[in-house]
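Trainee: Single-letter residue listing:
There are 6 protein chains.
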Amino acid sequence: MRLHLSTWQEVEAYLQRSQGLVIPIGSTEQHGPTGLIGTDAICAEAISQGVGEAAQALVAPTINVGMALHHTAFPGTVSLRPSTLMLVIRDYVTSLVRAGFTKFFFINGHGGNVATLKAAFSECYQVLADLNLLNADRVQCHVANWYMCSSVYKLAQELYGNQEGSHATPSEVALTQYVYPDAIKQAPLSPEVPSGEPIYGAIDFRRRYPDGRMGSNPALATPEHGKQFYDLAVKELTSRYLEFLSRE
Amino acid sequence: MRLHLSTWQEVEAYLQRSQGLVIPIGSTEQHGPTGLIGTDAICAEAISQGVGEAAQALVAPTINVGMALHHTAFPGTVSLRPSTLMLVIRDYVTSLVRAGFTKFFFINGHGGNVATLKAAFSECYQVLADLNLLNADRVQCHVANWYMCSSVYKLAQELYGNQEGSHATPSEVALTQYVYPDAIKQAPLSPEVPSGEPIYGAIDFRRRYPDGRMGSNPALATPEHGKQFYDLAVKELTSRYLEFLSRE
Amino acid sequence: MRLHLSTWQEVEAYLQRSQGLVIPIGSTEQHGPTGLIGTDAICAEAISQGVGEAAQALVAPTINVGMALHHTAFPGTVSLRPSTLMLVIRDYVTSLVRAGFTKFFFINGHGGNVATLKAAFSECYQVLADLNLLNADRVQCHVANWYMCSSVYKLAQELYGNQEGSHATPSEVALTQYVYPDAIKQAPLSPEVPSGEPIYGAIDFRRRYPDGRMGSNPALATPEHGKQFYDLAVKELTSRYLEFLSRE
Amino acid sequence: MRLHLSTWQEVEAYLQRSQGLVIPIGSTEQHGPTGLIGTDAICAEAISQGVGEAAQALVAPTINVGMALHHTAFPGTVSLRPSTLMLVIRDYVTSLVRAGFTKFFFINGHGGNVATLKAAFSECYQVLADLNLLNADRVQCHVANWYMCSSVYKLAQELYGNQEGSHATPSEVALTQYVYPDAIKQAPLSPEVPSGEPIYGAIDFRRRYPDGRMGSNPALATPEHGKQFYDLAVKELTSRYLEFLSRE
Amino acid sequence: MRLHLSTWQEVEAYLQRSQGLVIPIGSTEQHGPTGLIGTDAICAEAISQGVGEAAQALVAPTINVGMALHHTAFPGTVSLRPSTLMLVIRDYVTSLVRAGFTKFFFINGHGGNVATLKAAFSECYQVLADLNLLNADRVQCHVANWYMCSSVYKLAQELYGNQEGSHATPSEVALTQYVYPDAIKQAPLSPEVPSGEPIYGAIDFRRRYPDGRMGSNPALATPEHGKQFYDLAVKELTSRYLEFLSRE
Amino acid sequence: MRLHLSTWQEVEAYLQRSQGLVIPIGSTEQHGPTGLIGTDAICAEAISQGVGEAAQALVAPTINVGMALHHTAFPGTVSLRPSTLMLVIRDYVTSLVRAGFTKFFFINGHGGNVATLKAAFSECYQVLADLNLLNADRVQCHVANWYMCSSVYKLAQELYGNQEGSHATPSEVALTQYVYPDAIKQAPLSPEVPSGEPIYGAIDFRRRYPDGRMGSNPALATPEHGKQFYDLAVKELTSRYLEFLSRE
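Protein chains in written order, with my numbering: chain A, 1 to 248; chain B, 1 to 248; chain C, 1 to 248; chain D, 1 to 248; chain E, 1 to 248; chain F, 1 to 248.
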């Protein structure tokens, strides 16, 4: 069930049986010479819809732009500042808690979002208490990073070993190839790619990682791999979502 | 061209020939008993992609959640506060101006966004000047509301007369039926629907408009109408976008 | 009745019979070579006091500085950023709702304020709900632009035709001449004045409109015209205010 | 010279000879049973215009609403929060520094504004430095409280002794009587009025000072006294303004 | 009793007998060639702990960094902006009011903090009312500047006369020498030191006060003096704290 | 070297040889029936000073209050909201970068600070770029959690096994016992203590963890253990700091 394809009366009925919501969150940022700028949003959205179907869960529209300030020295990147993203999360959650939702399961496609999301959750719990909203003290937010699912991680190691890297990885590229087979890109990739460097500001990032990749070889990706990653992530996150729902 | 399906190197190349960007902005809000909660985002996104193809323009990911505070007494609505949406627009625009974009054409599907967008544009111009960004004084933001295209408005009057109303209108519902024919909804609609009431807070809104419609009869919508609206809006907005680009 | 010339006990008594308040809002911005920098505030204040007398309404002190960022490349302009003006409106409204006011009628003299005011109203309704203030869901804010009164508009067309323009107009200059006959200014006005250009940032604005006028010929203004505009605006807005008060 | 009665070209000419500006700041707050709600703004504005004439200084429009949160339990009070007032001051100052002003002389009518103004000044200096504005490091803001002029204080002691009190004082009431002789109010005043209590929140304030006066007997005020206070304040502040201008 | 050396159960017990808290607030800023950067925090902390012992009062951890923007042209200074410090105070106070504290006694070591603290207190009272916290209208904040104790001031005059100055004063330097005898510094001090200049921005401050001192001769300080100042301040502030607690 | 015990001229000299700074950050929060409220600040401060001595590094004053919103249902806890803490970090870093510091090594004692710190770092890099500060693109912030040092973790496992838990742990309690042997607390500890529960809002936290401990048995702590932890942490973090400094 997608929130955007539902009516308010359907949502009202849904809330009778569940107070859970899946919220995909991605990013709009460079993913190396062959990775799509929407990679993180595309992956999060596809997997969220899979989880939504498997778990009979409502799925919110995707948060397409996240915290990607360190990628902004590459054209095409769009980023919220952490402080802005925190306000966005606050507004989503308060809108939805007013309606009766209490369990927010963010399926995340971008490592750069995690710290801000966690800070936002803390801020939200306080805001909800301050607003004296009904059930404020029962609200739970959880971030699930699909790329850190143990099954996904294991497959990526098997398929790519240390060529998986940590940004513009073949696993995420593969997943976008599965979702958008018409948008598979080709571009020359230098065989040597830096890895393991720390991440600071945007200029510094591009100096360290000139083509945007972090230790990865996305040329290894195939749409078939993408389907495997998709299936594994949907399965593992469906299970985790259901457990989250059932948890007190 | 969709930004999300491009690589940063493709964006770099695009910027050599154009500094324009189409940004769809919608809302996540009740649209009466049969309208989809994502109506405004769905319409803005579909038309934006049509314009993008017709005008060879890059299209940003859709801003799915806008300013819909007055709809938040209906479950399923998600809204940013105006102050939050202004920060979001600011962050989008500053990220993109750094990369070289200067012409931002927002295709908007929701009347409730307009005031906040205009306020945000004013704030942005000042921020860009404060940041001393190159070309700050050449940046232009424009909001184009597809539902106010003269051709669209004319067709809606012909097809629906005063049953078009002003929210959950048959024209926008038709467009979503064209885009998502599998998500056409049926629900009883009271024949009498209030119209012409002013809009204040959320509780007040629901008191005035109990099922969410404002003077509309969305039962008149058909997917075929939707295609007509789509074609008209794409044509008119493509032309307006090209004129916007060429304007000094 | 002017709030500033009342005591708190008089306000307490007033609230027994009315919960309405007229709030004049103007701007402090260039108005061409002969228009006063205070034009928008002067007009809004004078008309508001006229409405206050005619409608037995309390009139707040004038918000003298509004949203005029696009005029800041001309010396003498003072502007709030939209985000600041929104906070100002929020603070006014929350202070006054605590005391029992629920109907806020802003008489506005500056087009550049409108979007921000409307965004501010939306934000206010939510803030009031969040604060759990008594009658929060009955609070209504309305912006009435005196220069858009149909009677005013008609007279301006009759007197000035297309020399009315859209900034530093003879109608608003005339009104200030009526209010401050000792401050009528003379300065050379180039016969050709640009018009119809869009409005973006401050530098861009001055490039497009070098002397500050937008398509207007303020040399046509006379204090006698000013009185006519004043009378028409007071009459029309008094009527609109009373209707606003009586509306549920 | 009043900024509101000037044109931008007159301001441009003024800046050739002076970079100083007088800014009146008052408050909109209860002043006991007989004091006007606008007392602090009225006094600040009248004195500022007197100083403007005497010193050939430009006078900005009055900031009518200040920091009066502790008075908000009395109807008619309107207050900005300190954080909002700081943003207002910031926006005024940055607008004006861009135009070339560097010396800001705030003539203040309300003790409750002082701390916030001083905090705002500190914030402003940093903002100006951050914006790299020309002359940022030469900008000076000064707050001059008319009621603390030594000549004013001395006269108040002579005329009223300890019946001057500290809020809704006969001296400030007298000054408003001089400016608005038609708005002199009569109301019963309890002979006993608390004084010397500390100031915390709004509810607490009203509990301590039930009719709004703080140790004062405004029944002693006369318009003639008002003229005396006016003359003394204008003289003393003109001198202080000129010294401020000449100071490096 | 120091909050940091207590358990939450001890605090719970303390709240049964007292709702008061001593909060030391200092600054991290240059104090001339021989004054410690931590001078203001060191003095506030030492005196607070003395008061805590004498008055059986709980003492919060020290706010080490205050509002010192005007000192930031000297290396080693760290400053919050006034707007940030206000949020810090707000967060402290709301956290503590939720637990039952109502009397906040800030022992302050830095003149630059005073305006911001007072503005923050006003903002806090409103926030507490907005949050509907229990006892919100009984909360009282007080700032006590140790260097303005009459006994301290008197001794400083006796010991140093006009060589006390107003920043990097021998009295505060003496107190830090008493607390940290191992950190007594020697450096050449120019015999002539400017004094009486106003304070604006950071660059301007350093231009006026090149070595950071304002009219002071800290070479007169001794640890023995420091002990005297410490004893006087603790005694006077203990008495003032107890009076504050007992006040309705 | 402690910043608070230095003069500005010493800092100026230090900056000639190093641009690094150690910043201890803790929290003010409940640590179970026997743990000190200041535990996290005490540990971070002590270890930072040890690192400062070993590495000849300057050590900033301790950030005593961090992000502990989830502990605020226990009296004595003081917390900044994440958004406030981010502003504090921003103000620290911008003050210090202006003076020439570029390498910020936060030694952290509280898990709840980590997400907010990381979000704050991202925001800072952008702010520094926006301010066009010299070396903005060379600034690096790093958070080092002493309790996650591998040597510390290993010892905790050896000494306490699964009784280490994750809050109010014997290892951190031991370290405070070593630093403040006079503040060792005794209180009955229920043998059963919940562990492994997720963390959401404050009320929820206390419901899950009634005495504040998370799976820990702090009764196992001794001052001798504390010394061991201290030595290990200082050694490991000194080494990490030096590597951080030397890293490009």
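Simulated from the structure, these hints should not be mistaken for laboratory data. Careful, some of the hints might be misleading.
One copy or two, it doesn't matter: identical chains are merged, so the pair holds either way.
Said to hold, decoys possible - Listed below are the simulated DMTMM-like cross-link pairs for lysine to aspartate or glutamate, each with C-alpha atoms no more than 25 Å apart in a straight line:
#	residue 1	residue 2
1	K103	E158
2	K185	D231
3	K235	E224
4	K185	E10
5	K227	E248
6	K103	E197
7	K103	D130
8	K103	E10
9	K103	E192
10	K227	E197
11	K103	E236
12	K185	D211
13	K103	E243
14	K185	E12
15	K185	E53
16	K227	D137
17	K154	E10
18	K185	E236
19	K185	D137
20	K235	E197
21	K154	E12
Trainee: Each of the hints needs a verdict: does it hold here or not?
Mentor: Here's how the hints hold up against the structure:
1. Taking the closest pair of Cα atoms, K103 and E158 never come within 25 Å of each other, the shortest separation being 34 Å inside a single copy and 38 Å across copies.
2. Taking the closest pair of Cα atoms, K185 and D231 come within 25 Å of each other only inside a single copy of the chain (23 Å); across copies the shortest separation is 30 Å, beyond that limit.
3. Proximity of K235 and E224 under a CA criterion of 25 Å is satisfied intra-copy only: 17 Å inside one chain copy versus 38 Å between copies.
4. In the homo-oligomer, the alpha carbons of K185 and E10 lie at most 25 Å apart only across protomers (10 Å), although the nearest pairing inside one protomer, at 40 Å, exceeds that limit.
5. Neither within a single protomer nor between protomers do K227 and E248 lie at most 25 Å apart by alpha-carbon distance, with minima of 34 Å and 40 Å respectively.
6. Proximity of K103 to E197 under the C-alpha cut-off of 25 Å is restricted to the inter-copy arrangement: shortest distance 16 Å between copies versus 36 Å within a copy.
7. In the homo-oligomer, the alpha carbons of K103 and D130 lie at most 25 Å apart both inside one protomer (19 Å) and across protomers (21 Å), since each shortest distance falls under that limit.
8. When the C-alpha separation of K103 and E10 is checked against a cutoff of 25 Å, the pair qualifies only within one copy, where the shortest distance is 18 Å, while the shortest distance between copies is 36 Å.
9. Proximity of K103 and E192 under a CA criterion of 25 Å is satisfied in neither setting, with 44 Å inside one chain copy and 29 Å between copies.
10. Taking the closest pair of Cα atoms, K227 and E197 never come within 25 Å of each other, the shortest separation being 30 Å inside a single copy and 34 Å across copies.
11. Proximity of K103 to E236 under the C-alpha cut-off of 25 Å is restricted to the intra-copy arrangement: shortest distance 18 Å within a copy versus 40 Å between copies.
12. With identical chains, the CA atoms of K185 and D211 are at most 25 Å apart within one copy only, with a shortest distance of 15 Å there and 47 Å across copies.
13. In this assembly of identical chains, K103 and E243 lie within 25 Å of each other by CA distance solely inside one copy; the values are 11 Å within and 43 Å between copies.
14. In this homomeric assembly, K185 and E12 come within 25 Å of each other (Cα to Cα) only across copies, at 15 Å, whereas the closest approach inside a single copy is 43 Å.
15. For the homomeric pair K185 and E53, the shortest alpha-carbon distance between copies (19 Å) is at most 25 Å, but the shortest distance inside one copy (30 Å) is not.
16. In this assembly of identical chains, K227 and D137 lie within 25 Å of each other by CA distance neither inside one copy nor across copies; the values are 39 Å within and 40 Å between.
17. Taking the closest pair of Cα atoms, K154 and E10 never come within 25 Å of each other, the shortest separation being 39 Å inside a single copy and 32 Å across copies.
18. Proximity of K185 to E236 under the C-alpha cut-off of 25 Å is found in neither arrangement, the shortest distances being 29 Å within a copy and 32 Å between copies.
19. For the homomeric pair K185 and D137, neither the shortest alpha-carbon distance inside one copy (47 Å) nor that between copies (31 Å) is at most 25 Å.
20. Only between protomers do K235 and E197 lie at most 25 Å apart by alpha-carbon distance; the minimum there is 24 Å, versus 33 Å within a single protomer.
21. In this assembly of identical chains, K154 and E12 lie within 25 Å of each other by CA distance neither inside one copy nor across copies; the values are 40 Å within and 35 Å between.
Going through the hint list in order, the structure does not satisfy hints 1, 5, 9, 10, 16, 17, 18, 19, 21.
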